[in-house]
Amino acid sequence: MQNPPACQDDFSCDEFLANGAACAARASPFLLRPLCASASIIGMPALTLENLTKRFGGFAAVDGVSLAVAPGELFFILGPSGCGKTTLLRLVAGFAEPDSGRILFGGRDITATPPEGRNAGMVFQNYALWPHMTVAENVSFGLEMHRIPRRERRERVEKALAAVQMADSGDHLPNQLSGGQQQRIALARALVFEPGLVLLDEPLSNLDARLRVEMRQQIKLLHDQLGLTMLYVTHDQAEALSMADRIAVMRAGRLSQVGTPRELYDRPANAFIADFIGEANLIPGRARLRDGRMLVETAAGDLASTAFDPRTGEGEAVRCCIRPENLRVGPSPAAGENAFCGALVATEYLGSVEQYFVSIGGGVRLKAVRLGRGGGPGRGDQVTLVCAPDDVVVLRDDGES
Amino acid sequence: MVAKTLRRYDLTPQRLLFLGLLAAFALAFLFYPLGFTLTKAFWVPDPAGGARFTVAVFLLMFTDPANWELILNSINLALAVTLLTTLLAVPMAWVTNRYAFPLKGLMTGLLLVPLVLPPFVGAVGMKQMFARFGSFNLLLVDAGVVSQPVDWLGGGFWATAILEVLHLYPILYMSVAAALANIDPNMEEAARNLGASGFCLFRRITWPLMLPGYYAGAVIVFIWSLTDLGTPLILDYRNLIPVRIFNMLTDINQNPMGYCLVVFMILLTAGIFFLSKIVLGDRGYTSATRGHVTPPVRPAGWVGSALILGGLGLVTLIALVPHISVILTSLSRRWFMTVLPTLYTGAHYEAVFRQELTWLAINNSLFLSALSTVVDICLGIAIAWLLLRTRIPGRSVIDTLTMLPLAIPGIIMAFGYLTAFANTPLDAAANPLPLLVIGYAVRRLPYMVRAAYAGFQQTGVALEEAARNCGAGPLTTLRRITIPLVMANLIAGAILCFSFAMLEVSDSLVLAVREQYYPVTKAIYALFGRPDGAFVASAMGVLGMLLLAASLVVAGRFLGKRMGELFRIG
Chain D
1 MQNPPACQDD FSCDEFLANG AACAARASPF LLRPLCASAS IIGMPALTLE NLTKRFGGFA
61 AVDGVSLAVA PGELFFILGP SGCGKTTLLR LVAGFAEPDS GRILFGGRDI TATPPEGRNA
121 GMVFQNYALW PHMTVAENVS FGLEMHRIPR RERRERVEKA LAAVQMADSG DHLPNQLSGG
181 QQQRIALARA LVFEPGLVLL DEPLSNLDAR LRVEMRQQIK LLHDQLGLTM LYVTHDQAEA
241 LSMADRIAVM RAGRLSQVGT PRELYDRPAN AFIADFIGEA NLIPGRARLR DGRMLVETAA
301 GDLASTAFDP RTGEGEAVRC CIRPENLRVG PSPAAGENAF CGALVATEYL GSVEQYFVSI
361 GGGVRLKAVR LGRGGGPGRG DQVTLVCAPD DVVVLRDDGE S
Chain L
1 MVAKTLRRYD LTPQRLLFLG LLAAFALAFL FYPLGFTLTK AFWVPDPAGG ARFTVAVFLL
61 MFTDPANWEL ILNSINLALA VTLLTTLLAV PMAWVTNRYA FPLKGLMTGL LLVPLVLPPF
121 VGAVGMKQMF ARFGSFNLLL VDAGVVSQPV DWLGGGFWAT AILEVLHLYP ILYMSVAAAL
181 ANIDPNMEEA ARNLGASGFC LFRRITWPLM LPGYYAGAVI VFIWSLTDLG TPLILDYRNL
241 IPVRIFNMLT DINQNPMGYC LVVFMILLTA GIFFLSKIVL GDRGYTSATR GHVTPPVRPA
301 GWVGSALILG GLGLVTLIAL VPHISVILTS LSRRWFMTVL PTLYTGAHYE AVFRQELTWL
361 AINNSLFLSA LSTVVDICLG IAIAWLLLRT RIPGRSVIDT LTMLPLAIPG IIMAFGYLTA
421 FANTPLDAAA NPLPLLVIGY AVRRLPYMVR AAYAGFQQTG VALEEAARNC GAGPLTTLRR
481 ITIPLVMANL IAGAILCFSF AMLEVSDSLV LAVREQYYPV TKAIYALFGR PDGAFVASAM
541 GVLGMLLLAA SLVVAGRFLG KRMGELFRIG
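The listed protein sequences derive, respectively, from chains D and L.
Going by the numbering used here, the residue at position 329 of the first sequence is 329; the numbering climbs one at a time, nothing skipped.
Going by the numbering used here, the residue at position 146 of the second sequence is 146; the numbering climbs one at a time, nothing skipped.
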């Protein structure tokens, strides 16, 4: 298989639009026409949700969600179970009807279009392969429905199966395949008819850990090679961080924050995001503005920060988010800005890294991470934790936490 | 606004039309005949012309000693049958659910064999075997056990009861076995962990958990035996409500008592269902929602296996006596005052295909059953699909409506059809075929809906959604994905519908008045009344038995363990 130039890892919406033409011109290994070109006019999002709401009884599963997914983007909806992310995906697929709001595919309003008219391939959580059809028949079904002639169907099924490394299994029945293999077939079935949008509903949740990582790379590769626009729903933050162009974190039916993985991790918008994505020390305090910087008064002392929302008011109750790996562990005593002395109360050895739990007074306990090479301080030792003001993110209380 | 409401409830014009037709059908062939019977029972013709309302005739039913005896007899019979069936079926279901023993598959299969013989056909054979000078008495006299032949059949009460028990215990057995299989083993394990064991464990945990399943089966058995017409008719036991109703059909216009008896039966069955709803409430313990439940089966050991096999074998053997006697009768050339026939012949089978009465009857039955099965397939798929896959309003009403024919005894439906459609284009006296098709279809519709429903339930919605997602419209999805996936269930349901229609008793006996329209069962009944007709009748019965046996085996292959669910009410 030839390898067309892959998209950049960190590629956001704007960057894509600049590279749109390049992306559209990519030769795809098994699709007969490049997808990006068919997706839309340059500049038009592949998928737009406008104020989408879906209620079940009085409960709003999806509550006024708006977002735009650029053509060729691998867009993640990430959230804990019950946050409404699967409902959102089902609204996009057309299996449920929104109570209000609009859904647009490349500028075309498809809110009232039945699922079969949407041209959006979906990978189901339990694969939903038809047990009475062979693998080839499963994959071929979508082509049949799109009135592709028999000869071309066979060719495209072969290519699709080859693309997911299942070239020899066309005559098998789905039940004869392992979970990972079924997953690949489900993927091939969703991609083969060149959908304008690919929807993935927790596609890897039924696989074991090792296979999950492998499939992660495979899906990412397919996405990059084919220039697919993907909407990917998961509760697994590692999946989202490792694969996504952009992530929308969903909580209780609403979008909490939308951004690149790096943005979400480095600059979480609120305590929920900070805690949900990666690990975080959250220290409550009061905001004090000093010379364009912020000094947060906490029970353990003042914390200087340069990462804060300028609208934060003087004396406002805030929380400081410090990632464990941004805390440097040093011998005690040390003084200076953002340096805290304390007793090492517990350590956890995790192989590659070692975690330290340090009590720094005022009832505050911080977690720090250090590479697990050994030779560090032991339990009961006095240590100093230091972090740069840029790594202290001040989170305003948005009433959500 | 209206459009939005319609969309919320998934109401497309086609679905509205179908629901309208369904309602019209139910009105015409379910409620109209019942309502007609009701009015006839309470509005008696006035000598001055017209009709006036009175409960006098209805009350007369309870004050007239002859009628009162009928009522008591019928209820006693139903109670006796239910009790005996329980004593047989519950221990057997428990034993087969809990123990592994040799030949288990074969034995549990054989337990279901009695279903293949309509008990009124069995009655034909039993008369031969247990008559005053029948095989059994002669055997006893020969062996010197008794000196005088014993009157086994007696007044007919116990003979009727036992024949019905032998036919019905498989239904209760399947129902109870399914309920037992659905009990989460953790429930009992938790009780044992807390110190319960043996009978206490059964009484406090197992029995309450399986009660809904038991009750569902027991209600069928009770109502079945309460309303069975064929068996007592053949055994000539006339002191039962269904027989009296049947005999009153000829002068129904002069005597409204027939209507009153039917109304009483309707009230009784409705009351029993109402009671079962109250008693059970919403105790639907479908606790086994976990993916995989391994039943706590343990080996029975040598002594245990011997006991179990002996018990099951004895029940099967006794249950097979009517079958054996029917087969013997159908093959015997001469059978008089001897234990076994003295001469055997295949001539009776030949006669089945040569005599005009029987040949016509077979053709009639094949035609009627095939047509009613087609109706059931179409209705069953549509109804099950609407119930499971849409949000149309009144789904529970539709569900209840389609299950209603299970609860309404055949004799009542047939009676209603015959009287309510007299002197209309559907008059059964002129040509009973349309009403027979409708009657067969309505009576067996619950099986088809259940079968299709189970199929749709097994196939996840995601499989259909995947097809829609690939660009298939609703009809293509139904044709290419849904129907093929539930095909096994549909075939099984259709086979059951067909074979039960072939051997339908009440509708056939009541509605088919003229010989040229006789279905198989009516022909058997008619033959039985003729001298030497019992032989040909038995031959026909054996053929029916073979058909039903083959059908059940094939249907069982397709349905697997879900077979038992088809026979449940509620």
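No lab work stands behind these hints: they were computed from the structure.
Treat the hints with care, since some could be wrong.
Using C-beta positions, here's what the derived DEER-type ranges look like [what the hints assert, rightly or not]:
1. L:Pro208 to D:Arg154: 55 to 63 Å
2. L:Pro102 to D:Leu211: 39 to 47 Å
3. L:Phe274 to D:Ala68: 53 to 61 Å
Selected chain L positions facing chain D (in silico; Cβ < 10 Å) [to be verified]:
4. Arg8
5. Ala300
6. Gly301
7. Pro425
8. Gln457
9. Thr459
10. Leu463
11. Glu464
12. Glu465
13. Asn469
14. Ile481
Computed from a predicted structure; not experimentally measured.
Here a beta-carbon is modelled for each residue, glycine too, at the ideal position from N, C-alpha and C.
- Unmet hints by their number, sorted upward, for this structure: The structure conflicts with hints 5, 6, 7, 8, although it agrees with all the remaining ones.
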